[in-house]
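Heads up: the sequence lines are chains X and D, in that order. So the first sequence is numbered by our numbering: it starts at 1 and just counts up by one. So the second sequence is numbered by our numbering: it starts at 1 and just counts up by one.
Hints are computed from structural coordinates only; laboratory data are not their basis. Owing to the predicted nature of the structure, the values given are computational and were not obtained by experimental measurement. Hints may be right or wrong, so weigh each one.
Claimed, not checked - Mimicking DSSO-like on lysine-lysine, the simulated pairs with C-alpha atoms at most 30 Å apart in a straight line are: (1) D:Lys-48 with X:Lys-388; (2) X:Lys-378 with D:Lys-83; (3) D:Lys-48 with X:Lys-328.
Said to hold, decoys possible - Simulated coverage check for chain X against chain D, where a stretch passes if three residues somewhere in it have a Cβ under 8 Å from a Cβ of chain D: (4) 85-95; (5) 317-330.
As the list claims (entries may be wrong) - Below, a sample of chain D positions facing chain X; criterion: calculated Cβ distance under 8 Å: (6) Gln-89; (7) His-96; (8) Val-98; (9) Arg-100; (10) Asn-102.
Glycine included, C-beta positions come from ideal geometry on N, C-alpha and C.
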Amino acid sequence: MAANGNGKNPLSQIKRRLLIFLAVFGPATITAMADNDGAGVATYSLAGARFGYSILFILLVVTLLLAITQEMGVRIATVTGKGLGDLIRERYGVVVAVVVFLGLAVANLGTIIADFAAIKTTAHLFNLPAMPLILIVILISYAFVFRGSYKVNQRLFLVSSLFYFCYVVSAIKARPDWGLAIKSLILPVNIKLSKEFIFGAIAVLGTTITPWGQFFVHSYIIDKRLTADKLKYEQLETFFGAFLTDFFSFFMIVATAATLFVNKIQLVAGEQAALAIKPLAGNLAGVLFGLGILNAGFMGVVIVSLSTAYAFSEFFGNEGSLDAPFEKGKTFYILFLSQLVIAALIVTIPSISLFQIVFFTQSLNGVLLPFMFFFLLKITNDRTLMGKHTNQSWYNYFATISSFIIIIASVFTIISSFLK
Amino acid sequence: MLYFSELKGKKVSTEDGILVGFLEDLIFQADQLPRLTKLVVRTPNREKISILFNALIRIDQSIRINKQYNLGDLEENELFLVKNLLDKQIIDLKGHKVVRVNDVVIQDKEGWYISGVDIGTLAIFRWLKLDRLLIRAHAAFGIRIKSHFLSWGDIQPLELSRGKVVLKKREERLQQVRSEDLADYLERTNVRNIKKFLDILDDKFSADVISHLNINYQSAIFRSFTPEKAAKALQFVDADEAVDILLSLPSKKRQQIIPLLPDAKKQEIIYLLDLSKTPIGKLITSEYLTVDSGDTVGQTIAKIRLQSQDFSFLDHIYVVNQEKQLVGVFNLHELLIQNPDTPVYKFMVQNVIVVHLSTPEEIAIKKMLKYKIFALPVIDINKKMIGLITFDDVADFIMKNI
Numbered sequence: 001m002a003a004n005g006n007g008k009n010p011l012s013q014i015k016r017r018l019l020i021f022l023a024v025f026g027p028a029t030i031t032a033m034a035d036n037d038g039a040g041v042a043t044y045s046l047a048g049a050r051f052g053y054s055i056l057f058i059l060l061v062v063t064l065l066l067a068i069t070q071e072m073g074v075r076i077a078t079v080t081g082k083g084l085g086d087l088i089r090e091r092y093g094v095v096v097a098v099v100v101f102l103g104l105a106v107a108n109l110g111t112i113i114a115d116f117a118a119i120k121t122t123a124h125l126f127n128l129p130a131m132p133l134i135l136i137v138i139l140i141s142y143a144f145v146f147r148g149s150y151k152v153n154q155r156l157f158l159v160s161s162l163f164y165f166c167y168v169v170s171a172i173k174a175r176p177d178w179g180l181a182i183k184s185l186i187l188p189v190n191i192k193l194s195k196e197f198i199f200g201a202i203a204v205l206g207t208t209i210t211p212w213g214q215f216f217v218h219s220y221i222i223d224k225r226l227t228a229d230k231l232k233y234e235q236l237e238t239f240f241g242a243f244l245t246d247f248f249s250f251f252m253i254v255a256t257a258a259t260l261f262v263n264k265i266q267l268v269a270g271e272q273a274a275l276a277i278k279p280l281a282g283n284l285a286g287v288l289f290g291l292g293i294l295n296a297g298f299m300g301v302v303i304v305s306l307s308t309a310y311a312f313s314e315f316f317g318n319e320g321s322l323d324a325p326f327e328k329g330k331t332f333y334i335l336f337l338s339q340l341v342i343a344a345l346i347v348t349i350p351s352i353s354l355f356q357i358v359f360f361t362q363s364l365n366g367v368l369l370p371f372m373f374f375f376l377l378k379i380t381n382d383r384t385l386m387g388k389h390t391n392q393s394w395y396n397y398f399a400t401i402s403s404f405i406i407i408i409a410s411v412f413t414i415i416s417s418f419l420k
Numbered sequence: 001m002l003y004f005s006e007l008k009g010k011k012v013s014t015e016d017g018i019l020v021g022f023l024e025d026l027i028f029q030a031d032q033l034p035r036l037t038k039l040v041v042r043t044p045n046r047e048k049i050s051i052l053f054n055a056l057i058r059i060d061q062s063i064r065i066n067k068q069y070n071l072g073d074l075e076e077n078e079l080f081l082v083k084n085l086l087d088k089q090i091i092d093l094k095g096h097k098v099v100r101v102n103d104v105v106i107q108d109k110e111g112w113y114i115s116g117v118d119i120g121t122l123a124i125f126r127w128l129k130l131d132r133l134l135i136r137a138h139a140a141f142g143i144r145i146k147s148h149f150l151s152w153g154d155i156q157p158l159e160l161s162r163g164k165v166v167l168k169k170r171e172e173r174l175q176q177v178r179s180e181d182l183a184d185y186l187e188r189t190n191v192r193n194i195k196k197f198l199d200i201l202d203d204k205f206s207a208d209v210i211s212h213l214n215i216n217y218q219s220a221i222f223r224s225f226t227p228e229k230a231a232k233a234l235q236f237v238d239a240d241e242a243v244d245i246l247l248s249l250p251s252k253k254r255q256q257i258i259p260l261l262p263d264a265k266k267q268e269i270i271y272l273l274d275l276s277k278t279p280i281g282k283l284i285t286s287e288y289l290t291v292d293s294g295d296t297v298g299q300t301i302a303k304i305r306l307q308s309q310d311f312s313f314l315d316h317i318y319v320v321n322q323e324k325q326l327v328g329v330f331n332l333h334e335l336l337i338q339n340p341d342t343p344v345y346k347f348m349v350q351n352v353i354v355v356h357l358s359t360p361e362e363i364a365i366k367k368m369l370k371y372k373i374f375a376l377p378v379i380d381i382n383k384k385m386i387g388l389i390t391f392d393d394v395a396d397f398i399m400k401n402i
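So that you can see chain D by itself, here it is in the shape it has in the complex:
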């Protein structure tokens, strides 16, 4: 994740260090997934050029691009980030002014696109390069401030070319939103609202959204579903996930739902449910390290030195937010190649693979093998991290079963 404020004015140079210019603007496709398509660069002789985004190699102290880069013009359906989005007024459905776009959040993992806008006060301080100061000043009083993020899914791209950022949470538009974003958004409302939204989505998409919700929302929603509806929703959810959800329900409700599932799914779920008699609780270790998303690499390394001396194993560092919820992860290699001043949120992987306390041992171990990770974090229903199950457990499990 990157903020545009950190990119603007940055040096753009080729891989062999020849200066091309300074970044002035970005061009993106104004649609559901706003992919970045061009870098607008001001050359040293004050010319403005648009370089195709595929020339980008990486961003460190400067923006490194390929020696053979191509230029392109603004195409239809493309907009400028600075000219059309940044600093623009955000208005709600009724035309009331809400706030301005203070910064733009850019996703740099899995392709480059705009993931949303920052509308918080912190973003204004970031432009003034006073954000760290503000955070520290607040921390002195024990207050933590965080940026206020508005997902791209909440914005109507059509209105952008008219210079207005309109918030449209109209229901028919929700389907075009990515299910993760929608789940994120829904988690900020209440269960009744979530249900209302899910009702208007098609089964497959609503199952996707459900699987991205956190477990206590999932549980609340399924509790309010009729057994028939619950069964229908569950057949689109991954079996592992489905078991987690079922286990969070009262056993009576669970018994009503299971017979209604389609056969293949039923077999799988019953098998997995059996395993739940050996949940992973007893495997959990508390030898893990968490850092705040705003901590720098330097602070993280200091923390490792200080706190992990007695650890028998350390591979991943987990990142938590102000509410102590697990929001990201990175490994030691990813940490070491970064600058000491870089905050960890910039390079962490946001999509953390987790297991719940109720997850059966076998599923947890399957997950580790499937994703080839040496340790999996265990979280509770509030996404707070409880502990870790490590590769040791896999080894034990295999030894037991050979």
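Isolated chain X (complex conformation):
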């Protein structure tokens, strides 16, 4: 074919590039979409209900930060061919590796519990049997992860990503003030800079930019065996993925802002949004919103659990790939499954305080994030590892500022939570 079509035939060149892009497409988008997991949707709903359209402005900032931070991870993974766990272990030794892994594993378990809780609550609201539903989620993820290859799993996640269109429909049904929504997105409109708002903003940031997200995008790119020559495409995908994620977040916030905020209905928990918007936006909107949460919970459960399993195999060197046969990747697979089972069991304990688990998880993520960015910045500026792909000076400036915003935000959350 016209592989040497260096500008002679622009159409076939565009076609070729598009094909490469589609071949590369997957890891960054899936990671970004998974950042809108069950817990994420709950946070967005809560923020939309409480602060209305004004919180949308934060979304723009979050999208930028997500794009920049994920891009660093994507670049490191494609250039070095190593996961974040690999690099941390090899640069900082066993002790740091063990501490980071333990932190990540506990925080991830908390996130999985939160996602199961989102599934459970939504199931209750729609009078679906919660426990069988959780069991089905576990069985499906078992079937795909244990039996399927990387390719099969990527397809599953991409199909799952399509379900986020539920929120678009929900939002349209809610008949929002589109003009105000778009304006709020670009300009800081009606922002009341209260302590509550700052917390809301940080919560939105914290649910989107997560330690596991940083780990997962690395591992997933490596499992896909993307190499440095595809870096440009993968960077493009990262920006696309960040945009897509917050494109859907936009509709989540709009759907709740147009209904709950406008009518001054307070939510106790974000998961109840689906039921709460029903009388205001109609049955279809409510059901789709609920379906969206179920799907987001499923995606979160599988991907967060995978991220722990990937991280473990990177830190401690056992085989960890969706393409590995069970015999070789035993630890990887068992670790994946046991997290689901443990989380599901914890969710079923009635006396357990889910609120506290979520709070603890968020705090732990807040503690981990600064370290993640320390590692990311250290590695992306290391010429021996990154070669010509180190952070260019202007970009480094940007990345450092973004990292510091996130670090300050997480430190702020932690300190204020202790002052309460």
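With the hints as your guide, set chain D onto chain X.
Just chain D now, with coordinates in the frame of chain X:
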């Protein structure tokens, strides 16, 4: 034997106690015998210097080096232990990830070199200084955990500089491995595999390997050899060892092999075989003391006080592993100069001179005289210790024969 985790960050000072810095890394030659060549030390003013290894005097609370030490640079074929080996991914022949290098095992007897890497979970806990806790916690449930050791012979040094630790057990490489290491490795496979390996080695080397195998492997291998092949292999094995092996075979097979041996060897072996009618069984005493390789000096001394009150003779303490196999020995002097907290595996002599039950009395006594040891442990075919023959037996034997 030392673990690198126990050395890292250790104070480096001269013999008269002047601080040089703290150990950060080691430099070694990346070849078949990875000798340590330089100590990489971080000085108090954050400088990094590489000190030639020959300046080392000893390692106790700190690493003691000569006052006049020399500095050197990284030479060709040299690698850093931390930068190039520690924490690196180990992959197998097919490129599958297996595990990471959790610690590096350093041999401090007979020259300093890297004898292999520790890939066990225990090593991770050792870095966290929780290894004793883990061992104790397991012991509470009656489980013994041990470190998982990968011999240097299983690693391909060439790949190290590329940041990868590749396991290559490809056959043509085996010859460059030390025969002891190979024997150790082979003992972990089965007899059929061992035979396959021995077939591709040259006679001399394969005899070396055979002599380092334990007796039941030796016996199984010779049983499967044709008499001609057995005779050929035996001529490279020490006569004492050869007799042990022959005695473990059925007498019919033995009779077939002996005539095929070269003359000089045949004479010697026939003579020794005659002696086997007086094996050492009746000489064995059970007055001996064993400790676990993980026991500390303090625990050992307590054990001596408690258990050896009735002993008429105690010179050596024997070290056994979890399977109760004899793995090391040390004498009382070596014990007393150590710190109470030091585990015995750190200073024991691993190369224990032993005799078997079938060893003839005369050979056993010759061995004691040759190595000038006051007692020899007797082990069974599983390397488990049965008892001791002591200098008393030598005295009796000489008295009888004067």
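Taking the hints in turn, this is what the structure says about them:
no., hint, result
1, D:Lys-48 with X:Lys-388, "27 Å, holds"
2, X:Lys-378 with D:Lys-83, "17 Å, holds"
3, D:Lys-48 with X:Lys-328, "41 Å, violated"
4, 85-95, "holds (count 6)"
5, 317-330, "holds (count 6)"
6, Gln-89, "5 Å, holds"
7, His-96, "5 Å, holds"
8, Val-98, "7 Å, holds"
9, Arg-100, "3 Å, holds"
10, Asn-102, "7 Å, holds"
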